[in-house]
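Enquirer: If you read the sequences in order, they're chains R and S. Under the numbering used here, the first sequence has 73 at position 73, and the numbering climbs by one with no breaks. Under the numbering used here, the second sequence has 46 at position 46, and the numbering climbs by one with no breaks.
Since the hints were derived computationally from the structure, they do not count as laboratory data. Please note: incorrect hints may appear among the correct ones.
As the list claims (entries may be wrong) - Using C-beta positions, here's what the derived DEER-type ranges look like: (1) S:Thr83 <-> R:Thr9: 24 to 34 Å; (2) R:Val64 <-> S:Met15: 43 to 53 Å; (3) R:Glu20 <-> S:Lys82: 37 to 47 Å.
Claimed, not checked - Non-contacting residues of chain R with respect to chain S, defined by C-beta distances greater than 12 Å in every case (computed): (4) Gly16; (5) Gln55; (6) Arg69.
A quick note: this is a predicted structure, and the numbers were derived from the prediction, not measured. Yeah, the Cβ is synthetic: ideal placement off N, Cα and C, and Gly gets one too.
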Amino acid sequence: GQQVQQSPTSLVLQEGENAELQCNFSTSLNSMQWFYQRPGGSLISVFYNPSGTKQSGRLTSTTVIKERRSSLHISSSQITDSGTYLCAMGGTGGYKVVFGSGTRLLVSP
Amino acid sequence: DMKVTQMPRYLIKRMGENVLLECGQDMSHETMYWYRQDPGLGLQLIYISYDVDSNSEGDIPKGYRVSRKKREHFSLILDSAKTNQTSVYFCASSWTSYEQYFGPGTRLTVL
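All chains should be modelled from the sequences, with the hints used to inform the complete structure.
Expert: The structure is reproduced here in structure tokens:
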């Protein structure tokens, strides 16, 4: 079945550093979505990006279908960026979405 | 304002009791989902609904059932709840794509 591998599992940064989060998938996809989640919180959509590059402020998402990967770049990290980032891949049918296990990001002062 | 709501937000039940979790959305989305999230296991799909009375099992449907009688409303029912159903339950909805909108979650504890 469809599998999604996220890396790294966890990441610690100092404020101001950049972060690159990766998501690799085993099969072809129809969609890719990145979510942010605080401990005890809900999933907040960061990007819906089935292909190409999208940017919003300090965040950039790039999805390359042929290479079966998607990345989330955070520039000039801030303490408020701390939390878990999840990628979710939509496959070929049934509108089912497969989630990665997440990257836990901690940004310290 | 696009919104997915869930009620209740917190619930404590005893083993063997019935549980009803409710989800609503104001976007006329056709597809709705129920997930549970547990530490170390990530998000697991329980059921997916493609429209009114058109529901399909997800990856972990055992012990759960769903009801969708109106497009904007999707319920998750636990008949005779078990302690291993203690979890955080999320509802989500989407339109014709896979782009999902999530509700705030319900934290269920079964004692």
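Enquirer: For each hint, tell me whether it holds in the structure or not.
Expert: Against the structure, the hints:
1. S:Thr83 <-> R:Thr9: 24 to 34 Å: With a Cβ separation near 28 Å, Thr83 (chain S) and Thr9 (chain R) satisfy 24 to 34 Å, so the hint holds.
2. R:Val64 <-> S:Met15: 43 to 53 Å: Check passed, 48 Å falls within 43 to 53 Å.
3. R:Glu20 <-> S:Lys82: 37 to 47 Å: Holds, at about 41 Å.
4. Gly16: Gly16 (chain R) clear of chain S: closest Cβ-Cβ about 30 Å, beyond 12 Å.
5. Gln55: holds, 18 Å
6. Arg69: For Arg69 (chain R), whose nearest Cβ neighbour in chain S is about 17 Å away, the distance exceeds 12 Å, so it holds.
In this structure, none of the earlier numbered hints is contradicted; all agree with it.
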